[in-house]
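Sequences are here, hints too, so could you generate the full structure?
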Amino acid sequence: MKREKLIEILQSLSDVMSTSGDESLMRQALRPLLAGHVDEMRVDSLGNLITLKKGTGESQLRVLVTAHIDEVGMIIVDHTTDGALKVRAVGGIDDRLLPGLNVCVGKEQLPGVMGVKAIHHSTAPERLRAIPIKDLSVDIGAKDKKEAQHLAPLGTRVTFSTRAHPLGELLAGKAFDDRAGCTALIALLHGEPFPFDLHGVFTVQEEVGLRGARVAGYALEPDVAFVLEGTIADDLPKKEDVSLTSEIGKGPVLTVMDHSYISAPWLLRHTVKLAEELGIPYQFKQPGIGGTDAGAIHLTRGGVPSLTLAVPCRYIHGPISLLKPEDLEATIDLTAAALRNLTAEQLATN
Amino acid sequence: MKKNDDLLRQLSEATGPSGHEESLRHQLEELWRPLVTTLRSDAMGNLIAMQQGTGPEPRPAVMAAAHMDEIGLIVTQIEEGFLHIAPIGGTDRRVLLGLEVLVHGREDIPGLIGTRPPHVLSTEERKKTVPWEKLFVDVGLPAEKIAQLIRVGDPISIRQPLLALENKRFAGKALDNRASVVALTLALAELVQREHAWDFYAVATVQEEVGLKGAITSAYGVDPQLAVALDVTFAKQEDDSKTGVFALDKGPTIGLGPNFHPQLFQRIEAAAKELEIPYQLEPTPGASGTDAWGIQVAREGIPTSLLSIPVRYMHQPVETLAWQDVERTGRLLAALVAGLESTYRPGWENEGDGPSARSNQ
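Residue numbers (my numbering), protein chains in the order written: chain A, 1 to 350; chain B, 1001 to 1361.
Just to be clear, a hint being listed does not mean it is correct.
[What the hints assert, rightly or not] Below, computed lysine-lysine pairings styled on BS3-like, alpha-carbon distance capped at 30 Å: (1) B:K1236 / A:K86; (2) B:K1242 / A:K145; (3) A:K146 / A:K134; (4) A:K250 / A:K2; (5) B:K1145 / A:K5; (6) B:K1134 / A:K134; (7) B:K1250 / A:K134; (8) A:K239 / A:K250; (9) B:K1236 / A:K134; (10) A:K107 / B:K1236; (11) A:K273 / A:K250; (12) A:K250 / A:K5; (13) B:K1134 / A:K238; (14) A:K146 / B:K1236; (15) B:K1134 / B:K1145; (16) A:K54 / A:K5; (17) A:K239 / B:K1128; (18) A:K107 / A:K86; (19) A:K273 / A:K2; (20) A:K239 / B:K1145; (21) A:K86 / B:K1145; (22) A:K250 / B:K1134; (23) B:K1242 / B:K1127; (24) A:K2 / B:K1145.
Keep in mind that the hints were calculated from the coordinates and are not lab data.
Dropping the structure here:
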C-alpha cells in the first residue's frame, strides 16, 4: 500500500472514538476499509471484528494476526449539582495529563474541558501534588445536574479530542496505540493472498486486560499468532541512564519479553533473520515493560507461539502521540515477510 | 463587523505571548481602524485608538484598557531535538502535558508537549506534578533542522481551538484577556454610532502578564482624566466555589477597594442598574493584579475602575466563560462613556478639597 494511503487510513482511524467496551465506531470505520479485501467478516459476542483472508492453499497453517481497536479514555460516573461531569479512567491514563485538556463527550462528540483550580488559588503544596482523577471533572457548559444528566448520561464515554495531522517529519494523533497496528493489519489484508488462510482480528478491550484477544484466540485456534501494536518510544532526553524502551525511526519493535508473555524464540529468530536478509531495520523492546494481546493469545487452549511487532510511538496513552511513517511501513513489510515465509515444518520442529 | 463569537474565536486563537504581541496588534488594527478617529501604537507596542468626543475643548479623555498579551512559554535550551521550556507570565505547568503549541522561531513551527506513558513511570513519579525541567516540546523534526529554525529565547504559544460549549459558553486559551479585548471592541462599535462628549481612548495593552508594563506607559501617554481597566476574574467552578469567586453568566464584576475610585464605581453601578445589566461586586483589599493597578498611579494619579468578566480555569488552555458576560461588559462600558457629561470631573463626594468640583447631574 502506498504511503499516502497508509497515512490517510491511520489519520482517519486515529480520530475515531473507541474506548474499551464501546468500540462500535471503530468497527463501523473498518468495515468499508476491509470490504472486498477479505472473504469473511463477522463480529463475536465481545465485539471483536473477525475477518478471514483465504490463502492460496499451499499451506494448512492457521495463522492469526491481531490489532486492538480500543483506546484509553474515560467514563462518566456522576454529575454534580453545578452540571460538571465526574469521570474515571478506562485503561491506563496518567492523571497528570488531564488538567487543561479538551475532550469529546459521547458519540455526539460534545466538546468538554477539564480545568482545575487556578494557579492563583492553589497553594504551593497543591501545585506539587498530582491531582487524582476523582478530583477532576469535565465541563460541557451544562447549567445544572439535570441538564448534565440529559446531555451526558452515566456511562457515557469521554475521549481525547485530538485530530490527527502531520507534525514536522512525523504524524501526530491520538490512539496510535493501536490504530498504528490496525493500519498495518489493514495493509496486510489488502495485499496478495498468503500461502495459508489468514485470520485477521480487530480485537476489543485490550486496554482493560486483553479481553477480546483471549476469546478470539480461543475461537480461532491458531497455530501461530502475530500481534501488531503501537508501542512506547520513551526517547526523550533523560538525565539518568534510563532505557528508551524503543526509539522512533529505528524500525519495528520486536518483543522478546514483556509483562504479559515471552515470545516464541523460534518465531523471533525467524523474523529477525528475514529483517536482516531484507535489510529492514528492527529493534528490540526493552524487556519487562507493558503487555499486549499476545499475553492472552499465547495461553489459548494448548498454547500458541506468538510474537508482537510494534510501531514505535512517542507519548502513547496521552492525548497526542507521534510516529514516523517509515516505521509503520517497515512494520508492515517485516510482518508480511515473516508471514509469507512461515512453514508448517518450522512449527513441527520447534 | 464579524459575528461576535467569531471575533472571540479570532482573538482567542491569535497568538501574543507577553512581549510578542505584534501579529495580534496588526489583527486588532484591522478590526479597529473602521471604528476610530485615530489609531497609533506606542514604543512598548500598546495599540491606542481614539474616538473623538463632541464636547467643547479642552475635551476630557476617558481611557479603557484591556491587555492583549497572553501567558506562554519560552525556549530555554535545545537538547537532542527536544526543546526545554520556561514560563512567560503565570503559566501553570500542571496543565501543559499533551498540549499542542506553536513555536515562534524563524517561522511558526507546530509542536506538542510530550507525555511519558504510565508504563514507564514509577508510582512515586505519578503522585507529583511534572517539574519544568522534565517538560519538553517536540516539533517532530531532526536536530539539524531544529538548529536552523529555532533558537533559545523563541517564544511559544499554546495552540488550542476555541470550543463552543452548551449555553453560549466558550472554552479556549487566552480568554484572559481577549474576552475583554472583544468587549472593548464591542464598546467601540457601539460608541461609533452614539454621541459622547468625552474623547474615548481604547487601549490594547502589552505585557500585563509580566507586570502591567503596557498599562503604565500607555496611561502616561494618553493622560486621561478617567480610566477603566477591563480584565477577567475567577468564576465559580466545580473544585473552587469559595469566597472570591463569581458566578458565570451573571454579569461582569465591578471592583471595589483602594485601587478604584468610589465615584467612578457609583457611576458604573448606576449605568448597570439603568440598563438592567446584571453585575457582581468584587471587593479587592489591595493590588487588583490588573492594568487598573498600574494606571491608577500614572502621572499625578488617575481615577480608575475595573470591570471583570468571570472566567473558569484561569491561566489554563481551557478558560471558560459565558458569552453574555462579554456582551454585557461591552454595553456597560459604552454606557459609562456615553453618559460622561462634558463638564463632569471625578472628585470626592461631600468633600471640598477634591481635585475638582462634582458635576451637576
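Structure-based check of all given hints:
no.: 1; hint: B:K1236 / A:K86; verdict: holds (17 Å)
no.: 2; hint: B:K1242 / A:K145; verdict: holds (19 Å)
no.: 3; hint: A:K146 / A:K134; verdict: holds (21 Å)
no.: 4; hint: A:K250 / A:K2; verdict: holds (20 Å)
no.: 5; hint: B:K1145 / A:K5; verdict: holds (27 Å)
no.: 6; hint: B:K1134 / A:K134; verdict: holds (25 Å)
no.: 7; hint: B:K1250 / A:K134; verdict: holds (29 Å)
no.: 8; hint: A:K239 / A:K250; verdict: holds (22 Å)
no.: 9; hint: B:K1236 / A:K134; verdict: holds (19 Å)
no.: 10; hint: A:K107 / B:K1236; verdict: holds (29 Å)
no.: 11; hint: A:K273 / A:K250; verdict: holds (17 Å)
no.: 12; hint: A:K250 / A:K5; verdict: holds (22 Å)
no.: 13; hint: B:K1134 / A:K238; verdict: holds (8 Å)
no.: 14; hint: A:K146 / B:K1236; verdict: holds (18 Å)
no.: 15; hint: B:K1134 / B:K1145; verdict: holds (23 Å)
no.: 16; hint: A:K54 / A:K5; verdict: holds (23 Å)
no.: 17; hint: A:K239 / B:K1128; verdict: holds (18 Å)
no.: 18; hint: A:K107 / A:K86; verdict: holds (18 Å)
no.: 19; hint: A:K273 / A:K2; verdict: holds (25 Å)
no.: 20; hint: A:K239 / B:K1145; verdict: holds (24 Å)
no.: 21; hint: A:K86 / B:K1145; verdict: violated (43 Å)
no.: 22; hint: A:K250 / B:K1134; verdict: holds (24 Å)
no.: 23; hint: B:K1242 / B:K1127; verdict: holds (26 Å)
no.: 24; hint: A:K2 / B:K1145; verdict: holds (26 Å)
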